[in-house]
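Student: Chain residues, written in single-letter form:
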Amino acid sequence: MKRRQPNPAAPYRKRRIGNLFRLREEIPRSIYSAAGFIVPAVLLLAWWAVTYFGLARPLFLPSPGAVLSEGWRQLTEGILLADASVSIYRIVVGWLAATVVAVPVGILMGNFRIFEGALEPLISTVRYMPVVALIPLSILWAGIGDVQKILILFLGTFFQQVLMIMDNVKNIDVNLIRAGQTLGFNNREILMRIILPAASPAIWDTFRITIGWTWTYLVVAELVAANEGLGRRIMDAQRYLATHTILFGTLFIGVLGLLTDQIFKRAGQLMFRWNIQTR
Amino acid sequence: MRGIVAQQKTVTPKVAIDAVSRIFLVDGAPLVAIERIDLDIKENEFVSIVGTSGCGKSTLLNMIGGLDEPSSGEIRIDGVPVVGPGRNRGFVFQSYSLFEWMTVEGNIRFALEKSQISNAEKKELVAHFIQAVGLSGFEAAYPRQLSGGMRQRVAIARALVYRPSILLMDEPFGALDAQTRGMMQELLLKVWEDHKVTVVFVTHDVDEAIFLADRVVVLASRPGRVKKDIRITLERPRSFEIITDAKFTDYKREILADIREETLKVMAQQAGSSIV
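Chains as they are written, first to last, in my numbering: chain A, 429 to 707; chain B, 443 to 718.
Incorrect hints may appear among the rest.
No more than 25 Å apart at the CA atoms, straight line, and that leaves these computed lysine to any residue pairs for SDA-like [unchecked claim]: (1) B/Lys564 <-> A/Phe613; (2) B/Lys556 <-> A/Val575; (3) B/Lys556 <-> A/Glu617.
If you're looking for bench data, these hints aren't it; they were derived computationally from the structure.
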């Protein structure tokens, strides 16, 4: 959130490489941003070189060109759009379902010790259970349609999310609650008008982080009985050893995840302008 | 009814702390934070409470505020036992504790929401207190855009705007730099003189305690008890020059000696317990 301005009073230093390696020191913004591009570019170049000079067989590592043309093929044949829309739909519904439950439960757990005592041990235990292992059960319970996929995404998201929201709520200044009590507000009013708005930037951050996790569960969710979806495409490609399809699908999910993250970040900055520290 | 209350005021103190003890359970073992404190505070009196850290001064303040309950004894305000927080008291915390999603004006207006007065009156009160704490021109600013001193001004206005008769302040200027703190002390005195209110002010800054108060109560440590109750007879209105006054330094010497004695006692206890 906080953007640092160059300090005009900082001592003048000669431009030297060594200046970039001072502990905790600011570096020019241009260099900072450039570094973020250079590292992936170098990796890309290395990838290209390895495949171009035949150091790895295409089966193990397809060339960047092959991956790109696979992407183009999926796009022109309409597969990509169909896969993406099905997967995005599952992600959004799965994440929303988790969020709709996690927000009220997390708020109760963060404010009333009785709810925390009752639910925290259970949730902490379930949190460590591997979601993949629940696939057979999820099919028994929810069938093989979209509901089963959404259920997997829900399970992968909810238990982490609810504990994070509990923490978000707990971390607000307790004196805000006391101020509210002194001003004559009742519990419900304090909850809705003080605790909730005070915790909302942190809760929004939790949303941003957890929807990222929902994305990582996509392949798991589409592991069984799916005809379409970005995750399904990757699993199908496994059968034919189509490594270029696998790589493209994985990278594409990464890009969509990054996009989601940026959307949440921007929206948060717009919604919580008051939270930006200017002094 | 009103007549009876008015009559009582002449005999009952504003705040009566009557044989109050507070015992906390720490890892199942009882810890006596406060042991039988008796203290009467008069209407419109400015009382500072000082003591070493952990002497229970904040606990005492919280109990007056109704945010904590005595284990035994009773606190009465205008003769009525305290059973929880209420709008006859205002609280100012060291951490400012502002509603950061509301503007300066919004914070202060929020405090008036439960007041049974017209909107026009509310508006007037908000404007008056914004002006009284010197925040005119910052009505639309958000707390994050303000300096520490300005945030605390908002908190003071918020605590006074609904006209409580008691203002409880828990090290309100402890997080401010020395210069800002001095300015805030003078501001507080002016606001207090203009809007008569009883103030209980917890601090560990002895200069601050003397400069502001009519009375400085020194608490002894572990368990917290009243060690000394000193009447400060420095003239009012006061300005910062009096801190070099001979009378001021006499008070300071006395109080510092008391606190030092308590600190040494606590250190000796800690040394003893760490050997065990």
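Student: Going through the earlier hints one by one, which of them does the structure break, listed in rising order?
Tutor: Number 2 - this is the single hint that the structure violates.
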